[in-house]
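Protein chains: 2
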Amino acid sequence: MIGSTHFAVRATVLPTYGPWDGRKVEPHAVTNSAVGHDVKLASGIKRFFPILQWGRDYRADTFVNDGLAALIVTIMLIPQSLAYALLAGLPPQVGLYASILPLVAYAVFGTSRALAVGPVAVISLMTAAAAGNLAAQGSPEYLAIAILLALISGIMLLLMGVFRMGFVANFLSHPVISGFITASGILIAVSQLKHILGVQVSGHNLIEIGSSLLAKIDDTNLPTLIIGAVSTLFLFWVRGNLKPLFMKIGLSEKSANIASRIGPVIAVVVAISTVALLRLDTQGVAIVGRIPEGLPPLTVPDFDMGLWISLLGSSFVIALIGFVESVSVAQTLAAKKRQRIDPDQELVGLGAANVAAAFSGGYPVTGGFARSAVNFDAGAETPAAGALTAIGIALATLFLTPLLYFLPIATLAATIIVAVLSLVNIGDIREAWTYSKSDFAAMTATIAMTLLVGVEAGVFAGVILSIALFLYRSSRPHFAIVGQVRDTEHFRNVARHDVWTNPRLVSIRIDESLYFANARYLEDTIYDLALSSDTVEHVVLMCSAVNAIDLSALESLEAINDRLQSAGVLLHLSEVKGPVMDRLKRSHLLERLSGKVFQSQMDAIRGTTDTAHGTVLDYHL
Amino acid sequence: MIGSTHFAVRATVLPTYGPWDGRKVEPHAVTNSAVGHDVKLASGIKRFFPILQWGRDYRADTFVNDGLAALIVTIMLIPQSLAYALLAGLPPQVGLYASILPLVAYAVFGTSRALAVGPVAVISLMTAAAAGNLAAQGSPEYLAIAILLALISGIMLLLMGVFRMGFVANFLSHPVISGFITASGILIAVSQLKHILGVQVSGHNLIEIGSSLLAKIDDTNLPTLIIGAVSTLFLFWVRGNLKPLFMKIGLSEKSANIASRIGPVIAVVVAISTVALLRLDTQGVAIVGRIPEGLPPLTVPDFDMGLWISLLGSSFVIALIGFVESVSVAQTLAAKKRQRIDPDQELVGLGAANVAAAFSGGYPVTGGFARSAVNFDAGAETPAAGALTAIGIALATLFLTPLLYFLPIATLAATIIVAVLSLVNIGDIREAWTYSKSDFAAMTATIAMTLLVGVEAGVFAGVILSIALFLYRSSRPHFAIVGQVRDTEHFRNVARHDVWTNPRLVSIRIDESLYFANARYLEDTIYDLALSSDTVEHVVLMCSAVNAIDLSALESLEAINDRLQSAGVLLHLSEVKGPVMDRLKRSHLLERLSGKVFQSQMDAIRGTTDTAHGTVLDYHL
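Same order as they appear, the protein sequences are chains A and B. The opening residue of the first sequence carries number 1 in full-length UniProt numbering; numbering runs sequentially from there. The opening residue of the second sequence carries number 1 in full-length UniProt numbering; numbering runs sequentially from there.
Extracted from the complex, chain A is given alone in its bound form (with noise of 0.2 Å):
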């Protein structure tokens, strides 16, 4: 107890002290996590204007490590932002463009210090799932849809901020996100062979795009084969070894981390080099070619609304899935400074950026994990260096893109495989296996849907699914028959411990809330249980782990009690939470309960033993 009595002394010292500070008051304060932010954030404009917060107090010392980090981050989003925009089958410039306004939108008004947004693997893999279905790659609509889809995932986003309904994004369980990430980056690496092996292939899932390659494997291209395997195989070396070689002579860490991110560009300049000194591109090296200079152009998106409404689905999926990752990537830098960050209004950032997308030419964007640690790792502070970074690209579209002429689709495509490889997740698959088997068969219906039908199909599959197999299992709630310990006031399982038992009397632990679902098997249960033997007089419901009981179960417990009663049984409860009991004051079956509510489940025992006729009596035989 000394503990405690410390407790008292600090209590009367501080006692507004301590992490509930001025909530005590305000309970509800804490109830939702976006108001409890609020507290800190400030309410009104100010939750949508981040920037406001951190803005006010930007110093000069800020500016620079800012800067320093959007550097890093810029050398390292010019190859990728190509080589994504290429997966989206979209033309490499739109990658770029992707990476201009939208970060500087986010800048505005995200609430992550370090998330990097922009073009991301698992969402162009999406988007050209989305495109290809109503337009041919390389077409202006395949473009417009793009585009399109950018715009509505945005607005989709900005209205679940505002009317703070991120919770949507709470059902898609980790299986599923997990499940649908490993099946992309298996979809995506396979996708990319064929530029690896210089083939027109098409196809959304694996069935499609495996015959198309099989059937196309004799028009591999030799010199872009051998361009293609030599980046791969390099960018693998560098993943593995490069961070240890640079810490070996004497980088830090850190520094090690951000310098072998270096490797792709490594890879793309030796290959463009290669590419123009033997003008490969004459033996039929497909290279990126011109890129139109310049600054993003000011798109108008289409209005076609029945365009628009064939697009609400896959702009939902797109939308729901670049949440989630960015949230998760957020929130992981974020803990790691202290920092928090405000789920709706990341919904906002996130809107904010693929409208922004939308109207200047990019496509789809969300935060990204690798880029954003390495704009962690360089010491981002605040969303600035996405501003920054920003200008970064700028200035790439606007001078650099002649140098990337000869750049080889096939060097591309390899920072793509190297890259999304790492998505796939076997481990994760094993775990769901050995601790549930229905996360596993969620899991697993995820993946075989997404590699077999496509992204949607298996994100739709896997959100229903989990779903189902939740209803189920609270529908058959586990339950016990306890019995009193020995020599002891606890009552536990009588098929695992050695109880004291009474046949007068069976008091059963429902470990779950009683709700529609599980109504009815609360009858049958209970009436198994209650009229399986004649000695049967009272039935003691131990609710200490019922959360909550809606009206059909109230009405359940109703019709329980009184055939019970017209069987000659009471029926008790014991342990009633405080919110269920405030509950139950505003029903009828407090005065139509046959038995009596007790405190706990030892004074039941004691209550009923006690009251019931008879019972005292023959305990003395």
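Derived by calculation from the structure, the hints in this document are not laboratory data. It cannot be assumed that every hint is accurate.
It does not matter which identical chain is meant; a pair holds if it fits inside one copy or across any two.
[Stated by the list, open to error] In the SDA-like style, the derived pairs of lysine to any residue whose C-alpha atoms are separated by at most 25 Å in a straight line are:
1) K254 with L71
2) K577 with D498
3) K216 with I75
4) K216 with A229
Position chain B against the provided structure of chain A, taking the given hints into account.
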């Protein structure tokens, strides 16, 4: 502790005695009501033929009781069957046919001793709605569809029974069922007004029927209106006053109950004689007319695939609603005699009854409350009573139908109106409002959709909404920051109680199982609490109300653990349940956990405050 010592004695005297007889060895037996039931019902063939159970010890006096009950129910059923056939838009004899073979089938496969199956109001309405969408009332197609509905829903019930899929019905929450029944009652009453007025009216929802009625109001047939009004008033009077009257003249309550049921029979007899004497049929009073005599024909349902597919939805809803109504009636009556029913076997019994209906010219049937109550009060002891009732109805169709020639439709409509208005339950709506707004929302949505759109739309809307609301609620669970109640070892909500707190420690109690829908909310919440003050060194998650942790929640806990750790805060768990702990042991969380897992919250306080460097010292300020 006196009570407990008694337990000890009892427990030692009769170790294997008590309701969990022989279950300690196989606790699994009680975790599934059906399995638990096998213990009594014996398994294998006997599960599917309960008749082998009660048939064995069937004796002469049982036969007498069953016979008497059968006679009474038969008399009551004749007008009722005709009325519900009328409601379903079918020829009167179809109602009689539906009251013969189905009863025999249920007698063989059903588990309830007193349940009386046959046509009921709500199912008749649903049949009319489903058939009316595809064919014109009175057409042979219409009848064929009604028969097909019985067959398909019968097969669905059988399959659900064999594969123990009864839980599907659990997703019809109480507010949805109650709202649906209320709305159906109103809809039926309104739809019968046309027979009271003697006009032609069509439509399947309030708007259609209402407007159609107003348009035809001028065609009202006076003699019909008089008969209808008088019958209705008489039946309302009977409902309220006949039973007390019988009791005043010395009948027991039970007999009075039964005798008061003859009201409709009196009304029918009087109405028939009036019409026959005054030949009111020549005045435009619609009468039943010639009902083909003889036993039900053997009908072979239509096997047109397209038709079957178009009826799947309606059949499924009819099957579920019928099952829910039937089971609740059966359970109520069974409990009165300390008997039990097997819900899964009830599916088989009800399915067999509907298939039997389909092959004998009937339409969908289920266990009705009114008739079952009469059957029970009249002393039915076994399902044989049902079989005997079937014989009674069969004799009626053979010899009584000519007597029903002059029976005015208006009187049948009156019996329906008086019967269904008792289904309208405004109290339930009020209760839902006071008890839970989300239950109220589900109920009103069901009522509105049923009245304004149709019966199936109503059921679907209700089910979807109640699932959505449940998921939403569980995605934002109630949680509390707990502190130590002074001078005790209890921990309660700091917002509600005067407790000891510690600035270095946050204890959070989440009152919900942790799963994908609330995993991210859990993360946000804990970051808000843990990172909102720089003094926090320990976060203790109190899991006393956590019944399950799925993979998504596990991932969130690991993320929380890692992120808090990188912010210099340790995460601890306390009061984790057995089943949950078993599962956590199969994960990496326990190895990676920065803090400890404590048996009790008190241990957690002692453990953390002693280990937390420096804290002890601070306390002495």
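Is it within, between, both or neither when you check K216 against I75 at 25 Å Cα-Cα?
-> Cα proximity of K216 and I75: none, with 35 Å in one copy and 81 Å across.
Measure nothing new, just compare the shortest in-copy and cross-copy C-alpha distances for K216 and A229 to 25 Å and report within, between, both or neither.
-> This pair counts as within: shortest intra-copy Cα distance 18 Å, inter-copy 83 Å.
Copy assignment of K254 with L71, given that the CA separation must stay at most 25 Å = Within one copy only: 16 Å inside, 91 Å across.
Give the relationship of K577 and D498 under a CA distance limit of 25 Å: within one copy only, between copies only, both, or neither.
-> Between copies, since 18 Å is at most 25 Å while 27 Å is not.
Of the numbered hints given earlier, the model fails hint 3 alone.
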